[in-house]
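J.: Here the protein sequences come in this chain order: A and B.
The working numbering puts the first residue of the first sequence at 375, with every later residue one more than the last.
The working numbering puts the first residue of the second sequence at 86, with every later residue one more than the last.
Since the hints were derived computationally from the structure, they do not count as laboratory data.
Hints may contain errors.
As the list claims (entries may be wrong) - Straight line, CA to CA, 27 Å or less: simulated DSSO-like cross-link-like pairs of lysine-lysine: (1) B:K141 x A:K478; (2) A:K385 x B:K190; (3) A:K478 x B:K162.
Listed below are the residues making up each chain.
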Amino acid sequence: DTGVSQNPRHKITKRGQNVTFRCDPISEHNRLYWYRQTLGQGPEFLTYFQNEAQLEKSRLLSDRFSAERPKGSFSTLEIQRTEQGDSAMYLCASSYGTGSVNEKLFFGSGTQLSVL
Amino acid sequence: GDSVTQMEGPVTLSEEAFLTINCTYTATGYPSLFWYVQYPGEGLQLLLKATKADDKGSNKGFEATYRKETTSFHLEKGSVQVSDSAVYFCALRSGAGSYQLTFGKGTKLSVIP
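Model the full structure from these sequences, guided by the hints.
T.: Laid out in C-alpha cells, this is it:
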C-alpha cells in the first residue's frame, strides 16, 4: 500500500493557461474522488468516479473543469482557461466500497495550484 | 443544502487537558457523520465515524456521539498529547444517495507540553 499519489505537488501557471493534474489511487480501490481546498476552508467536493464511470459532479463545478478516469485506474483533472480564483489545493481520495458509501477515504497530499 | 459548522480555532491546550471541538450540521435525510484529521505535512485521514443516531464513534482516545436531536457530533478526548496537534475536520455524507462529503472549515489544535 503506497497510498494515494498526486502529481505534480505544486503548479504555477498564468491566467488563461490550461493545467492538468494526475491522481494514482491505491491499486485495488474502485472509488475515486476529487476535492478542492482553499486556505482556512474545508475540502469542497468536485467529482466522484466509481471505476471508470463519473457518477457525481458538483453543481458548483464550472464547465472549465473536466475529469477522467480511463480504465478505472488513475485519474486526471483538467482546468481550462485558468482564473485566479482557481488557486487552491486539489485533493484526490480513493476508497474501496460496494453498496455502502461510508467506507474510509484515503487522501493524497494534494496538488497546490497557483494562478498568477 | 448540507452544511457543517465547527467551532472557530485555533485551540491551544496544555498536555493532558480535556478537549472538546464542537460540530453541528444541517442535512437532508439521515446523514452519516465523520471526523477527519490532518497532521502537519500529511494528508487527511479518517479519525472516526458514526452512521446513525446515538452511535458513538471512537478511535485513538477520541470519541464523538451522533446526536440527532441537537444535530451535533462534538469531538472529545479526555487527555490530549502533543502528538494530537493537527487540524480536525467535521464532515457529513447526506443520506440522500450522494457520494460527496461536506466538510466544516476545520479547527486547528495545538497541544503544548
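J.: Tell me the numbers of any earlier hints that the structure contravenes, in ascending order.
T.: none
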